[in-house]
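Asks: Put together the whole structure using the sequences plus the hints.
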Amino acid sequence: MSMEREQNIAKLREVIVENMNIQVPEQLKESDRLYHDLNIDSIMVLQLVVDLEDAFEVSVPEENLDQAVFETVGTLISFIESLVSAKVG
1 MSMEREQNIA
11 KLREVIVENM
21 NIQVPEQLKE
31 SDRLYHDLNI
41 DSIMVLQLVV
51 DLEDAFEVSV
61 PEENLDQAVF
71 ETVGTLISFI
81 ESLVSAKVG
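Under UniProt numbering, the first residue of the sequence shown carries the number 1, and numbering increases by one thereafter.
The set of hints was computed from the structure by calculation and includes no laboratory data.
Virtual Cβ for every residue (Gly too), placed ideally from N, Cα, C.
Don't take each hint at face value.
[What the hints assert, rightly or not] Label pairs and their calculated CB-CB ranges: (1) Gln7 / Glu71: 27 to 35 Å; (2) Asn39 / Lys87: 26 to 34 Å; (3) Glu26 / Glu63: 18 to 26 Å; (4) Ser85 / Asn21: 26 to 34 Å; (5) Asn39 / Ala86: 28 to 36 Å; (6) Glu63 / Pro25: 26 to 34 Å; (7) Asn39 / Lys11: 13 to 21 Å; (8) Gln23 / Ala86: 19 to 27 Å; (9) Ser2 / Ser42: 15 to 23 Å.
Replies: Following this line, the structure appears as structure tokens:
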């Protein structure tokens, strides 16, 4: 795993801890499932999207809000990284 990806996962954890009233492990794993392992529900996901847009300075297009994006920490980070690289590129 690249250093940048590790930093993005740490940043995701920070966003979750700061903005949601839930307990998450000290270290998030890419395989952690948002709904089952982190106990994030569908309403919380909507808030998480807004928080991630602010934290990563990206805009999440509503048409790209596929449920699969929120399956695991890894799928969410990949989606965020694709938005960041699209913005930079």
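Asks: Now, for every hint given, state plainly whether the structure supports it.
Replies: Each hint, compared with the structure:
1. Remark: the range hint 27 to 35 Å for glutamine 7 to glutamate 71 is contradicted by a beta-carbon distance near 21 Å.
2. Evaluation of the 26 to 34 Å hint for asparagine 39 and lysine 87 yields a pass: the beta carbon distance comes to about 30 Å.
3. Between glutamate 26 and glutamate 63 the beta carbon distance is about 35 Å. The supplied range of 18 to 26 Å is therefore violated.
4. Our hint of 26 to 34 Å for serine 85 and asparagine 21 holds, since their Cβ atoms are close to 32 Å apart.
5. Take asparagine 39 and alanine 86: their Cβ atoms lie about 30 Å apart, and the range 28 to 36 Å holds.
6. For glutamate 63 and proline 25, the Cβ-Cβ distance of about 32 Å falls inside the hinted range of 26 to 34 Å, so the restraint holds.
7. The hinted window of 13 to 21 Å between asparagine 39 and lysine 11 holds, with their beta carbons roughly 20 Å apart.
8. Between glutamine 23 and alanine 86 the CB atoms are about 33 Å apart, so this pair departs from the stated range of 19 to 27 Å.
9. Distance hint check for serine 2 and serine 42: the Cβ-Cβ separation is about 30 Å, which falls outside the suggested range of 15 to 23 Å.
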